[in-house]
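Novice: Sequence:
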Amino acid sequence: ECITINTEKELLDIINSNTNAWNILKTRRLQSYCESDCNTIPKWLSYLIDSLVKINLFSFNNRPNHVLINQYKANEGIMHHVDGPIYHPQVVIISLGTPCLMTFRKKLASHEIGEQYGGDLFSLFLQPRSLLMFSDDAYHFYQHGIPADCVDITIGENIECINSQQAKVKYGEKFSRGERTSLTIRKLLT
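Taking the UniProt record's numbering, I'd label the letters of the sequence shown as residues 1 to 190.
Misleading hints may appear alongside valid ones.
Said to hold, decoys possible - Pairs of lysine-lysine residues, derived as DSS-like cross-links and limited to a Cα-Cα distance of at most 25 Å, are as follows: (1) Lys43 to Lys26; (2) Lys73 to Lys9; (3) Lys26 to Lys54; (4) Lys54 to Lys106; (5) Lys168 to Lys9; (6) Lys168 to Lys73; (7) Lys73 to Lys174; (8) Lys9 to Lys54; (9) Lys43 to Lys106.
Treat the hints as calculated values from the structure; they're not laboratory data.
Working from the sequences, and respecting the hints, build out all of it.
Specialist: Shown next as structure tokens:
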């Protein structure tokens, strides 16, 4: 856990109280904050970013300036994707609410799409109040996503869960998904 249950509740209360900030998408709803446009980062998020810099998850030179807040219902997810070259190749995801399984697959080159299947290679179990950071090779060479059709999660059922020990879950253990909110924190390159 990177935050306490009380902090999680406070964050969810702040996020959910900002009803006008939500953009409704097909498979989730989204709030977006960036320091480089007219939509500045609120103080509570700036404080969170400062705390990540303070514990050296980000360097001062690569201080995040972009936060996406995604909220998923139990049967919602996000297709596999890469964050791309417009960001510094480092991302932190803080999970709130209920657990989920994030899967990773090899990023296909343009000429490989339709010729090869970029099937899931491994998964990470994201506990509520957990923090996931990935960068460098994981950022550049793998796509990440959350299966939308998965309401119940069985650890290791279809693919190896490489953080099962750290997440304190066992092979075959079952979890139900509910509403999950994630904060994706990174630096937009200008």
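Novice: With the threshold set at 25 Å, check whether the alpha-carbon distance from Lys168 to Lys9 stays at or below it.
Specialist: Since the Cα atoms of Lys168 and Lys9 sit roughly 22 Å apart, the hinted pair holds (cutoff 25 Å).
Novice: Please verify whether Lys168 and Lys73 have alpha carbons no more than 25 Å apart.
Specialist: holds (24 Å)
Novice: For a C-alpha distance cap of 25 Å, please report whether Lys9 and Lys54 respect it.
Specialist: With Cα atoms ~23 Å apart, Lys9 and Lys54 stay inside 25 Å; holds.
Novice: Can the restraint linking Lys73 and Lys174 be considered satisfied, given a maximum Cα separation of 25 Å?
Specialist: Holds, because 18 Å separates the two Cα atoms, which is no more than 25 Å.
Novice: Need the status of pair Lys43, Lys106: alpha-carbon distance at most 25 Å?
Specialist: Not satisfied, since the Cα-Cα distance of roughly 37 Å exceeds 25 Å.
Novice: Given the hinted pair Lys26 and Lys54, is their alpha-carbon gap at most 25 Å?
Specialist: Violated - the C-alpha atoms of Lys54 and Lys26 are around 36 Å apart, more than 25 Å.
Novice: Please work out if Lys43 and Lys26 have their alpha carbons no farther apart than 25 Å.
Specialist: With a Cα-Cα distance of about 29 Å, the restraint between Lys43 and Lys26 is violated, given a limit of 25 Å.
Novice: Under the criterion that the straight-line Cα-Cα distance not exceed 25 Å, is the pair Lys54, Lys106 satisfied?
Specialist: violated (32 Å)
Novice: When you check the alpha-carbon spacing of Lys73 and Lys9, does it fall within 25 Å?
Specialist: holds (17 Å)
Hints 1, 3, 4 and 9 from the list above are not met by this structure, while the remaining hints are.
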